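Colleague: Spelled out from the first residue to the last, the chains are:
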Amino acid sequence: MSDSKLDLLQGTLDIMVLQTLSTMGPLHGYGIARRIEQVSGNEVLLNQGTIYASLVRLQQRGWIAAEWGTSDNNRKAKFYSITKRGRKQLHEDAAHWQRLSTVMSRVLSMTESEEV
Amino acid sequence: MNVHPFRRVLALFRGKQLDHELDEEISTHLSLAMEENLRRGMSPDEARRQALVQFGGPQQAKENHREARSLPVLDGVLRDLRFAARVLRKSPAFSIIAVLTLALGIGANSAIFSVVRGVLFRPLANQDEDRLLYLRQSAPGIGEDNVTFSVPEIQDLGGHLRSIKELGTLSSIDFTLTGLGEPREIRAGVVDGNYFQVMGLHPVLGRLLNPIDDGPNAAGAAVLTYRFWTNTLHSDRSVLGKVIRLGSQDGTRPATIVGVLQPAVPYPVETQIIANIVTSPHHLSATMVTGREHRMTEVFARIAPGATLEAARAELHATYDAMLSAHPDVYKPAEHFTITVSRIHDQINSKANAILWVLFAASALLFVIACSNVANLILARTVRREPEFALRSALGASASVLRRALLAESLLLCAAGTLAGIVIAAPMVSLLAQYASRFSARAVGLTLDSSVLWTGVALALAASVFLAFVPHLPSNEASRALGVSSGGSRVSGGSHRRLRIFAVTQITASFLLLAGAGALLRTLLALEKTQPPFETARVLAVNLPVMTDGRSEEQVLDFYRDVQARISGLPGVEHVSTGFTVPWRDSFGLDIGLTFSADGAARINGDEDPRAHFRSVSPGFFATLGMPILEGRDFNANDRDGNERVVIISQTLAKELFPGQNAVNREMRWTDPVTKFIGISNAPRRIIGVVPDLDDQNIIPRPFLTVYQPTTQEGWNGRLLVRAKSDPYALVPSIVGTIREMAADQPVERASTLEDVRAEILTPNRLNAVVFGGFAGLALLISVVGVAGVLAFSVSSRTREFGIRMALGAQPHNILTNVLLEGLAIAGIGVLSGVFLGFASARATGKYVADFQLPGVLPLVLSAAVILAAAVIASVLPAIRAATVDAVEALRSE
Numbered sequence: 210m211s212d213s214k215l216d217l218l219q220g221t222l223d224i225m226v227l228q229t230l231s232t233m234g235p236l237h238g239y240g241i242a243r244r245i246e247q248v249s250g251n252e253v254l255l256n257q258g259t260i261y262a263s264l265v266r267l268q269q270r271g272w273i274a275a276e277w278g279t280s281d282n283n284r285k286a287k288f289y290s291i292t293k294r295g296r297k298q299l300h301e302d303a304a305h306w307q308r309l310s311t312v313m314s315r316v317l318s319m320t321e322s323e324e325v
Numbered sequence: 002m003n004v005h006p007f008r009r010v011l012a013l014f015r016g017k018q019l020d021h022e023l024d025e026e027i028s029t030h031l032s033l034a035m036e037e038n039l040r041r042g043m044s045p046d047e048a049r050r051q052a053l054v055q056f057g058g059p060q061q062a063k064e065n066h067r068e069a070r071s072l073p074v075l076d077g078v079l080r081d082l083r084f085a086a087r088v089l090r091k092s093p094a095f096s097i098i099a100v101l102t103l104a105l106g107i108g109a110n111s112a113i114f115s116v117v118r119g120v121l122f123r124p125l126a127n128q129d130e131d132r133l134l135y136l137r138q139s140a141p142g143i144g145e146d147n148v149t150f151s152v153p154e155i156q157d158l159g160g161h162l163r164s165i166k167e168l169g170t171l172s173s174i175d176f177t178l179t180g181l182g183e184p185r186e187i188r189a190g191v192v193d194g195n196y197f198q199v200m201g202l203h204p205v206l207g208r209l210l211n212p213i214d215d216g217p218n219a220a221g222a223a224v225l226t227y228r229f230w231t232n233t234l235h236s237d238r239s240v241l242g243k244v245i246r247l248g249s250q251d252g253t254r255p256a257t258i259v260g261v262l263q264p265a266v267p268y269p270v271e272t273q274i275i276a277n278i279v280t281s282p283h284h285l286s287a288t289m290v291t292g293r294e295h296r297m298t299e300v301f302a303r304i305a306p307g308a309t310l311e312a313a314r315a316e317l318h319a320t321y322d323a324m325l326s327a328h329p330d331v332y333k334p335a336e337h338f339t340i341t342v343s344r345i346h347d348q349i350n351s352k353a354n355a356i357l358w359v360l361f362a363a364s365a366l367l368f369v370i371a372c373s374n375v376a377n378l379i380l381a382r383t384v385r386r387e388p389e390f391a392l393r394s395a396l397g398a399s400a401s402v403l404r405r406a407l408l409a410e411s412l413l414l415c416a417a418g419t420l421a422g423i424v425i426a427a428p429m430v431s432l433l434a435q436y437a438s439r440f441s442a443r444a445v446g447l448t449l450d451s452s453v454l455w456t457g458v459a460l461a462l463a464a465s466v467f468l469a470f471v472p473h474l475p476s477n478e479a480s481r482a483l484g485v486s487s488g489g490s491r492v493s494g495g496s497h498r499r500l501r502i503f504a505v506t507q508i509t510a511s512f513l514l515l516a517g518a519g520a521l522l523r524t525l526l527a528l529e530k531t532q533p534p535f536e537t538a539r540v541l542a543v544n545l546p547v548m549t550d551g552r553s554e555e556q557v558l559d560f561y562r563d564v565q566a567r568i569s570g571l572p573g574v575e576h577v578s579t580g581f582t583v584p585w586r587d588s589f590g591l592d593i594g595l596t597f598s599a600d601g602a603a604r605i606n607g608d609e610d611p612r613a614h615f616r617s618v619s620p621g622f623f624a625t626l627g628m629p630i631l632e633g634r635d636f637n638a639n640d641r642d643g644n645e646r647v648v649i650i651s652q653t654l655a656k657e658l659f660p661g662q663n664a665v666n667r668e669m670r671w672t673d674p675v676t677k678f679i680g681i682s683n684a685p686r687r688i689i690g691v692v693p694d695l696d697d698q699n700i701i702p703r704p705f706l707t708v709y710q711p712t713t714q715e716g717w718n719g720r721l722l723v724r725a726k727s728d729p730y731a732l733v734p735s736i737v738g739t740i741r742e743m744a745a746d747q748p749v750e751r752a753s754t755l756e757d758v759r760a761e762i763l764t765p766n767r768l769n770a771v772v773f774g775g776f777a778g779l780a781l782l783i784s785v786v787g788v789a790g791v792l793a794f795s796v797s798s799r800t801r802e803f804g805i806r807m808a809l810g811a812q813p814h815n816i817l818t819n820v821l822l823e824g825l826a827i828a829g830i831g832v833l834s835g836v837f838l839g840f841a842s843a844r845a846t847g848k849y850v851a852d853f854q855l856p857g858v859l860p861l862v863l864s865a866a867v868i869l870a871a872a873v874i875a876s877v878l879p880a881i882r883a884a885t886v887d888a889v890e891a892l893r894s895e
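Here the protein sequences come in this chain order: E and R. Start counting the first sequence at 210; every next residue gets the next number (this note's numbering). Start counting the second sequence at 2; every next residue gets the next number (this note's numbering).
The shape of chain R in the complex, shown without the other chains (with noise of 0.2 Å):
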């Protein structure tokens, strides 16, 4: 009957003074009792051990006065961890080790659930995401893996469905937006009306679009994306209501703040805004509306309620292909158009799924190295404590006790490991969610969470427990070896081959992590080794938008033709020139390829017209690159809208198309019937030079076909290259004032050599290379250790061996030899089966992951080369040690 619970929880916190008090009473009540029994005659030994006798035991009842005053098992769980912490503080050295092994297996392990939780299961702000679906079209035949919609195709497709409700459409398009602070250019996304019903988002502020603001008719509404506001705007809450300027090729037009968008997965691109409509006069042009062919418009759907996904599939599968059959001439066979339809939650993580996957993978395998380490550790120190086991289960502890004080060290070391990683999970996932970012928008802004700690904790429970159960208690036999002093000589066979294999397996698991780093580590020097192409490194690149505001095309022309006349008039300048895109950077108009023909060319594309990467540059790009005219001349002044129409090509197109002959004076025109919606024409253009191939897509250069077209004739502008004379970026700050003496509200932005631009395309590769390199260095680390420790051991429990082998005449460097090789023996085995493994689970995974490469042969080398050096280094002090034995005492010590 615990009547007094409250007293009894008190008594755990009074335990020493409680203590103290029953010591008072059991010693007056054994002088008591002393004083009887010589009153009664007996003789003072006698006396003091009858006295004893009739007590029954002090330990017994201090025991048990302790058991009736607490709960008893709390307080016996107490107990066994107080003895547990004085256990483990008399050998510190393994403890710290045993705690910083697991504070990195746990540390990693949350880190990368976490990252895995937050990326892969967490569900998505979407209301019901379930039922939102994501549609994607595609045209494999000619290489097209996202060729979105048009406008005339979405009527199609959204006329009559069942099972769909609703279609919500969004293309993002470029602004320069002005009214908010300094004039920006922003990645805005243009919906309509149904978007962010379909899409199932909230407003933290304001309102978001409805089918209100769609149509030619509707006021201009804009509504910004949550980090923009809090980034850009810090969260501002006064720019609800503001009306701003949005400014794009074909205009400009004013659009009211309405609200501020919750925090959402931007997908499938990032925009600061999201507009309706009328914000676009490209949207409401004829192009857009009618042009089958016209297509840049990303499309969702959500299901009807009642229907299911194979339902709404099988709906637009079908009323697909009815369009595709209506429209032979624009959906040809050859180019195999299809949709697929996918829930947003998957598409999302398509590109995820297999490296989250495999940095589970990895972390699990750090997480074995960890546990099997410490086990490794904990089982050598059993082995050594053998005798106080006997002794201990001698005097009456059951194996479970044992096992619970094995329990409680092994819990111990696991809470303190876990603290420890929780600490270093921290920025663990920070990292993890910024290298995962680039596979997901859902990485972006990951942060520690309580699953850490869940994971953590559990892991930690796991491994306390597994590692309580590692070592072999004595059995009964096990008793008799009280007689035996030392703990070395009676080492089981059983034990010694379970310490052999543990460091094997970290081994194996090290080579292979080390391996997969390695080639990560080559793959990057690859590309960073790779030379910027003519000299490019110092060109400096910006961002000069194009402000069609109040403007001319005539008068945009000038513009940018007067800022190349004037910077290249400021000192330090060596060349300037404008653009459309800047090489390495700019993805979206990079991709522009286009067909053409050209008379008398050679067929490059079997029937069908060759594809080219178009191009728009300014005269004086060639020179800004350092990109030397091969052949014919660049563009010059006279080469402007209204003259003859002229283009450039590169020396594998021209090679290609002309073999042998001079392309110069050649003619071709564009084909592709992109071009009348992005106001080119299919007029005849003459060849009037030929450049080097510039891969401007791709870090190492492959051979690339372009055709450069001068920006006065039918181009765009909006990129600004300045090829300086030391420094580019002291000339940043000229180069802004020049500029903005111009023009006051015209944006200057990301002003970059482009040497730093391919630098950063790099950093996902870098980012690669750092999180498994960091993995398998600290994998090395903890075998290093595990290595050491199991050769220590072996040591250890050799001693007499070399006692007698040195008594009996072997030399030092003998035994030295002989230990190194066991250590070279552990590793070799562990390398060669991390060989096997990996050649194995390599193939299994080239099945499930695409573009998978196996490492090539100089990693798997250099890693076996690291891995039996790091032996070589665990194995010295356990060899020194074996071999400074000295012969008289190893054998005495038995």
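Chain E with its partners taken away, still in its complex shape (with noise of 0.2 Å):
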């Protein structure tokens, strides 16, 4: 089964953070990574500990913020949550992504008899 998810590339992991910190509100690494692997139907391959490089990256960025908290286990996490920078760039990120798409299937669904 491994074979047919698909592999995430780097920039579109960092996407489904921020959306993901969009929609559920602070969480820490492993709340995402299981919201992430949840949300897709596990049709994705995750190896969940690459979400703590984009993690850093969107914080180095300015997307989002940081702040140490307890966990439910009692345990101290960093809770995530989505600036308002981060809010536009998803907004103008997803927008793309939705153009891209389209045309994309578009394309590929082109057949023989198509009119150019």
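These are computed hints drawn from the structure, not numbers from a lab. Fair warning: there could be bad hints in the mix.
[Claimed, not checked] Chain E side only, calculated, beta carbon under 10 Å to chain R, not exhaustive:
hint : residue
1    : T221
2    : H237
3    : Y239
4    : R243
5    : N256
6    : Y261
7    : S263
8    : A274
9    : E276
10   : W277
[Unchecked claim] Some residues of chain R that are not near chain E, with every Cβ distance over 10 Å (derived):
hint : residue
11   : S28
12   : T29
13   : S32
14   : H66
15   : T179
16   : A365
17   : D600
Keep in mind that this is a model prediction, so the values were computed, not measured. Positions of the beta carbon are idealized from the N, C-alpha and C atoms, including for glycine.
These two chains come separately, so use the hints to put the complex back together.
Modeller: Encoded structure:
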């Protein structure tokens, strides 16, 4: 089954993280990873550990902010939340992806009979 | 997109803290995952395992995190360097030896390069130095390398030149200078008004001399040289405008100090001041102005704008040839008068070139030795680390990653070596500059400059790249070597051979350096062993320059006679005399050779008149120096102006002129055309005595043809010689006091025993020996370490073999001998190839370097012996280790 899961590109994971935070509010790393897995219907091949590289990238760009808190099982965890700039970026990226997927599906469903 | 590069750089510095935070996050993550898995009903073990699987490898996550948060390339480099540092710290002996070796190699090379660059390549201070020429007139037919020019000759040459803009002239003359503190004797350059413009120099204070100061009617003016102004006058700005008095044999003249010259290379001779013509009565005399054969002036020329060097050369040669044909009586064909025209830059460096390039070669050799030694050490270590590399390669490290790790290690070593090397280089540069300043005025005062830094860095980079690629990385097959636990046995023949080649290279280079140093040492020892002749060691020589200010010639002579009388009355004085030159020190005065003829003498120079050294001495000179009068008598008070002219000649001259006969009472007369310029007549003179030869120009005496004239008959004074009963230097205060009582402003300078004078002459030879000896010593040291390293490695890789041998009954001393022989073999091959290489390169060098002599057999044999002995010493420790190998341990260790 692993070969039918989609390999995630670096940039796409970032967008997924932003989206997750935008919808779910502040979450820690584990929570984000699990959420992405669930939402994608377990179709996404994700080494959960890669989330942390993504998180630090987003932090450095100022799209998410981090705060130390306590997790459900009383352990120290960093909770991430999306910033205003992050929301804006998410908006733009989401629009971009929509356009891209529309164009791609149109091109891929091209048949011989299409008029130029 | 690098929106926040600042944060990334920050992340570099907060590395540890960020790592710690990430660790916390990851452990929380894993615990949460585990709990979820437990909730799903997995067993604790399964829960943990699944959590890890889902996470995907914490190490990977950490790496990615680090990469993402900072500049990945730099971070990788920093990581490599930190890891390399740790590896190097774990083998301190290796690291220290490697760093020291590199420091020596890089330091020496940077120092040499600094000196070479400063002397050969740095542009001169003169403006447009490419267009500044130096003219030299020589007469090889009479063995004269530089006869300089006379005023009529300069006028002929400079008359109508198109390709030359201007000629500038300089002649040097000794003055006594009063008016600037203590009266002192100085050397001055007397120049014409164009000199400074031709040379393209500028003042740092005031102005320089220009055409206004030219001619017999100008006011006296002088420019101080920078060195004189800073060293002796301590950069005192108030000297500007002061009036000084310059005294020479022909009179004293005033001069105003108009400026200070910029720091510039003094050529052809170093002077304290540069003055205009009017300060030297001699320069205005008819002798100087009209005497075609009165040559004492150096000539410089500036190429006219638009003309080339070739055109200038051609024109000068043509004009010169015209002059030669116009005066055939003066320029005799047998004497081969010629001129050479060269760029000032080439001229200044001509003597230094060969020496410096030899030095360069020596230091390059040292660098090779140092690098190959470190390469040796690294190679030996790498082979032991083969399993480590095999493991890392099996874990996914590509060859380039391993190379990077090696590069990081060698970079660290080389960086440390460079830093240490630059510290070493500073004193080296001073020593080398002092050495080189004997051959080139440009090395004077050379200090460490930034070029050393850059050379050091360049060398370090080159070395580190070279060293990183030296070790053989395990290939794919070698990863199967994982199965082998110890590192020694699978040593490939290739790396072993490399080690041996490195060791042999070092030995060869060391041998060459040692042999060279040995040859120099031998020359030095020969020179130093030469005893000063006639117990001249304890004779004190003092400069007492003639002050003609307001005195007649008779009064000057009386003064020196009085000085002689009063000093001889001082306690502790055995003999006193005066004269014109101090043996071995006054190279200018000692160089005076004049032709003469003697009635009834044998022909010793073919058809030409023979030439002898001219010396002017007072009565008592020979007694002062301890020279016996072989025949006839010494000069006495009756031999003065107006009475019969007398001379004393040296023994060899007497034998050659009058073989088998008595030379006393014969007559000779001077015939040299120069004599009329120096106030010596051609009247006949009677030989009244014969003394042994005194070679006062060379350390190792040769047969010397000398004619001595008394100071009182057309002679010259200026020097005092005192033979002391015990300590010569103890007499100095009383001598100075006595003379000052007689004349308050008489300079009394440079009191020194003749022994010390001779020792000072040997300074360049000493420096030679020190520098090369130093190099050779360094090379030997490094090579010993190198040989020891090779042998140690060889021994450790043959542990098993030794174990087997001992188990089979070999005695420890057999093994010991075996290892020692291996060491000797390496050294022997090195020496042989060194001898071969030495002869080959000696023949090549002999073509380019004049006076190049092969070191004799003794230095070669001694050097070989030293190296073989060193090889034995280097072999001792590894040999002992080999011999004390426990057979069982050895067999078991594989």
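Colleague: State for each hint whether it applies.
Modeller: Structure-based check of each hint:
Interface restraint check for T221(E): the shortest CB-CB distance to chain R comes to about 15 Å, outside 10 Å, so the restraint is violated. Taken as an interface hint, H237(E) checks out: its beta carbon lies about 7 Å from the nearest beta carbon of chain R, inside 10 Å. Using the Cβ-Cβ criterion of 10 Å, the hint placing Y239(E) at the interface with chain R is satisfied: the shortest such distance is roughly 4 Å. Interface restraint check for R243(E): the shortest CB-CB distance to chain R comes to about 7 Å, inside 10 Å, so the restraint holds.
Residue-level restraint check for N256(E) holds (minimum Cβ-Cβ distance to chain R is 3 Å; threshold 10 Å). Taking 10 Å as the C-beta contact cut-off toward chain R, the hint placing Y261(E) at the interface holds, the least distance being around 5 Å. Annotation: interface hint on S263(E) holds; nearest CB of chain R at approximately 7 Å, less than 10 Å. Annotation: interface hint on A274(E) violated; nearest CB of chain R at approximately 13 Å, more than 10 Å.
Annotation: interface hint on E276(E) violated; nearest CB of chain R at approximately 12 Å, more than 10 Å. For W277(E), the shortest C-beta to C-beta distance to chain R is roughly 9 Å, which falls under 10 Å, so the interface hint holds. With a closest Cβ-Cβ approach of about 8 Å to chain E, S28(R) is found to fall inside the 10 Å limit, against its non-interface label. With 10 Å as the threshold on Cβ separation, the claim that T29(R) sits away from chain E is violated: the shortest Cβ distance comes to roughly 4 Å.
The Cβ of S32(R) does not lie farther than 10 Å from every Cβ of chain E; its closest approach is about 6 Å, which violates its non-interface assignment. The claim that H66(R) lies off the interface is violated: its Cβ sits roughly 5 Å from the closest Cβ of chain E, which falls inside the 10 Å cut-off. Remark: the non-interface label on T179(R) is consistent with the geometry, its nearest Cβ contact in chain E lying 79 Å away (cut-off 10 Å). In this structure A365(R) is separated from chain E by more than 10 Å, as the shortest Cβ-Cβ distance comes to about 50 Å.
Every C-beta of chain E lies more than 10 Å from that of D600(R), the closest at about 107 Å, which supports listing it as non-interface.
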